[in-house]
Amino acid sequence: MALRISKNMGAPQLATKSGYGRMATLLVVAAGVVALALPIAMPDPYFVHSCIVVLLFAYMATSWNFVCGYVGQLSIGHAMFAGVGGYATVLIFSRLGISPWLGMLVGGVLAAMLSVVVGYPTFRLKGPYFALTTIAFAEMIRIWVENTDTFLGIPLNGAAGITVPLVGESWVAFQFNGKTPYYYVILVMLVLALLATWRLERSKLGFYLKAIRGDRDAAEALGISPARYQLVALAISAFMTGVGGGFYAQFFRYVNADRLIGVEFSIDLALMSIIGGQGTVFGPLLGAVLLTPIAEITRGHLGGVLPGLHIVIYGIILILAVLYLPKGLIDPLRSILSRLSKNGRSA
Amino acid sequence: MDPLILGFAVVNGLLIGGIYGGVALGLSLIFGVLRVVNFAHGSLLMVGLYTAYWLQALAGIDPYASVIFTVPLLFCMGYFIQRVIIAPLIWRESALVVEPLSALLLTAGVYLVIDNLALMAFGPDVRSASTSLDMPPIMLGPIPVNMQRFIGFSAAILAAIGLVVWLRQTRMGRAIRATAQNRDAAALSGIDVPMIYAVTFGVGTALLGLFGSLLATFIPITPNVGLSFGIRSFIVVVLGGIGSIPGSILGGLVIGVFEAIASQFVPATSAAILSLGLFILILLVRPGGLMGKL
Amino acid sequence: MSGDGTPLLQVRGISKRFGGLQAVHDLSFDLRRGEILALLGPNGAGKTTAFNMIAGYFRTDQGRILFEGRDIAGRKPWDICRIGIARTFQLSKPFSDLTVAENLMVGGFVRRSEIDEIRAKALEIADFLGMGHQAATEVQHLTAFDRRKLELGRALSTEPKLLLMDEVVAGATPSEAQEMVELVRRIRDRGVTILIVEHVMKVIMALSERVIVMESGRLIANGKPKDVVRQPEVLKAYFGEGYAARA
Chain A
0 MALRISKNMG APQLATKSGY GRMATLLVVA AGVVALALPI AMPDPYFVHS
50 CIVVLLFAYM ATSWNFVCGY VGQLSIGHAM FAGVGGYATV LIFSRLGISP
100 WLGMLVGGVL AAMLSVVVGY PTFRLKGPYF ALTTIAFAEM IRIWVENTDT
150 FLGIPLNGAA GITVPLVGES WVAFQFNGKT PYYYVILVML VLALLATWRL
200 ERSKLGFYLK AIRGDRDAAE ALGISPARYQ LVALAISAFM TGVGGGFYAQ
250 FFRYVNADRL IGVEFSIDLA LMSIIGGQGT VFGPLLGAVL LTPIAEITRG
300 HLGGVLPGLH IVIYGIILIL AVLYLPKGLI DPLRSILSRL SKNGRSA
Chain B
0 MDPLILGFAV VNGLLIGGIY GGVALGLSLI FGVLRVVNFA HGSLLMVGLY
50 TAYWLQALAG IDPYASVIFT VPLLFCMGYF IQRVIIAPLI WRESALVVEP
100 LSALLLTAGV YLVIDNLALM AFGPDVRSAS TSLDMPPIML GPIPVNMQRF
150 IGFSAAILAA IGLVVWLRQT RMGRAIRATA QNRDAAALSG IDVPMIYAVT
200 FGVGTALLGL FGSLLATFIP ITPNVGLSFG IRSFIVVVLG GIGSIPGSIL
250 GGLVIGVFEA IASQFVPATS AAILSLGLFI LILLVRPGGL MGKL
Chain P
0 MSGDGTPLLQ VRGISKRFGG LQAVHDLSFD LRRGEILALL GPNGAGKTTA
50 FNMIAGYFRT DQGRILFEGR DIAGRKPWDI CRIGIARTFQ LSKPFSDLTV
100 AENLMVGGFV RRSEIDEIRA KALEIADFLG MGHQAATEVQ HLTAFDRRKL
150 ELGRALSTEP KLLLMDEVVA GATPSEAQEM VELVRRIRDR GVTILIVEHV
200 MKVIMALSER VIVMESGRLI ANGKPKDVVR QPEVLKAYFG EGYAARA
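Sequences listed follow chains A, B and P, in order.
Each residue of the first sequence is one higher than the one before, starting from 0 at the first, in numbering that gives the first Met the number 0.
Each residue of the second sequence is one higher than the one before, starting from 0 at the first, in numbering that gives the first Met the number 0.
Each residue of the third sequence is one higher than the one before, starting from 0 at the first, in numbering that gives the first Met the number 0.
These aren't lab readings, by the way, just hints derived from the structure by calculation.
In this text the structure is predicted, and so the values were computed from the model without any measurement.
Treat the hints with care, as some may be off.
[Stated by the list, open to error] Partner residues aside, some chain A positions facing chain P, computed with beta carbon under 7 Å:
| hint | residue |
| --- | --- |
| 1 | F206 |
| 2 | A210 |
| 3 | A220 |
| 4 | L221 |
| 5 | I223 |
[Unchecked claim] Output of the computed footprint for chain A on chain P, the stretches with three or more beta carbons under 8 Å from beta carbons of chain A:
| hint | segment |
| --- | --- |
| 6 | 97–108 |
| 7 | 202–212 |
Think of the CB as a built atom: it goes at the ideal place given N, C-alpha and C, for glycine as much as any other residue.
Produce the entire structure from the sequences given, and follow the hints as far as they go.
Here it is, written out as structure tokens:
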């Protein structure tokens, strides 16, 4: 059948759309309630820690998706924005004594500025060329940080990385003894990122990105300057990723170039979005919720024995998803949802 | 600066650069024919390196002799990857030209699987193979030339020449070139395009088997050694012109000498940063690379 | 029927060279408000090059392009669109993973900011195209001809004063071509001035009040369709020396 109802459409199929929408809304509300109650219902620190990691990846993948998913370009360099945000947050706190809350925002702004420098020349490239160039940029930064002990008097500590100086439980210093506060912080960040994406789908910017993804020449003929709108979206995405890097630093109390700026981290973000469903609001979240636990479980139970197992599983799922579910796991989920709501109404 | 040191750097840069070029040959060939950027390229070199290492460690086979195993093994792996993993994409999109990003993602998946399987199987330890052959450096005037690197360099040049001759002179080679130029026309004239794709992929990775054996004696072997070789191969291929065989060697030589000389003035890591910068610059200002097409 | 006479577009001596090929040479013509002007010429005459220069896809080497008196030569395609010139592509380029309605919404943002207004306008255009029932269909499921109509509708969604059309009936069946001709007329009746590049003579005869003919980058004829097709230069350009002599 030629009709496909997607929830992001300005489609006039109102009956079907609202039926489907009701089901989806129900699901989102239920997920929200579960998310809010989770650390209260299951306060085990290890479990809460794992949940925070899931939410962090969901947030990061959602940030990646904000530009890459909608404009159809594959960035394998987003870790550089996380790195800038993470390092900035730690350094601003340890050197200047400024609260990490502010530091995260500064980190986000710096990441956005970097993204403009990187994106301006790069967005002209297409497909694999764009992807490889983003890797090259991120690798330049990673290698540089890894081999720089001090830069203009700022200690970067090379490959060893920087630890966050501990001051004990403090809201201002964004340091908590328990895990639960971190959980709610990242939950709020994730909700904001999802809202931003939801807004994007209904905005001029969102339509423009999808048009550029569809056909660049045709987009230009409709009054769209591809460079301009891609850069705006990239800057927003980089800002969100940078703030996420700041959270990463505060939560793990440690940043290093290999993990935070490395190719693997960038690939993780891309892979979760793609497997979940890029260019959708909830796809990256779905991808992170399904994939991150694999890493947590294999690391927790088999960590010493099989160090790379979860990535092998990621790789296999990625291959299968690209071949058999190119629109991501959210695609079949959507059809199930719309079928359910149809049955619900006819019954 | 001391001319002797500079001379030494240039000679070393040429040797290493030739090897870079040789390693990149397969990447260029595969891209030229299939339009697939093989993200797992470095990982397959890593497989070649480990194969050579284990053949020596377990069976006492000299790395140089292990070529007779690594080359067919890597050919089969490439053939398999194309037939089993990438070909379904071609059928799904019911077009002979795959969407390049999907293909890149598939090979990125292969990279993740291979690298981490190696990590699981062999652990993160650094290993190295050694040859029982006695190979003192030969002297080029006052400059000593490392034999193992020289062999790698020579193999790269010979492999490039062999590849060009093979593509020009043999029936299969001509079929590959025809497919690269116009796959629809090739398919119409009775060329079995899926088979050509698989063979091309196999040949591209078989070269990695060769270099796996030849490099095993002087490259520290770890599960993640592939990525840096892979990225460097991308640089080489973009520099030399994607799909160009001589361009691949030329690009390798340029990068090798560039890094060797740069590291006389700045730390080696800065030289690596500079070549990444060069890569970005080439992509932006001269995406065709130094040499044209296949 | 041919407009109110004031020039909307004045092309003044534009030229374009690609390497050794002079694709367009000193081309000048006027387009009056409200008319349908056809730009004809054999393959390689430079029509599409001229078209792309007006639409901002190629830079002009020389000359001016005045739209409502302002020189727009050298402006970027998106600026040209904002000024009020829309274009279609010879090979239709729909956003294939979006629905018909969404395809028609993208261009609306140039003129409006309220998304509900834009959606309403898009649905109105879908109805105009006779595609209202397909508004929620993803474009990849449309027939080639429907995509072609959508291409036209998408250009309309930017609410242009001037519409540049590149070979709208190529590959269409006679009945589809007829429908397309009707559609183009109705677009003109909405107050849009039209410049149409076309190969198919029959379409032009039915559609345009005035045609201009290019050959080897130069303008060789300008006038009413039935007069122009009798000019020896035109016949020669289209059918070769022998045909012109016989005629």
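Hint by hint, here is what the structure shows:
1. F206: Where the cut-off is 7 Å and the nearest Cβ of chain P is about 5 Å from A/F206, the hint holds.
2. A210: A/A210 check passes; min Cβ-Cβ to chain P is 5 Å, inside 7 Å.
3. A220: 5 Å, holds
4. L221: 4 Å, holds
5. I223: 6 Å, holds
6. 97–108: Coverage by chain A holds here, the residue count being 8 at a Cβ distance below 8 Å.
7. 202–212: Violated - the segment 202–212 of chain P has 0 residues with a Cβ nearer than 8 Å to chain A, which falls short of three.
The earlier numbered hint that this structure contradicts is number 7, and it is the only one.
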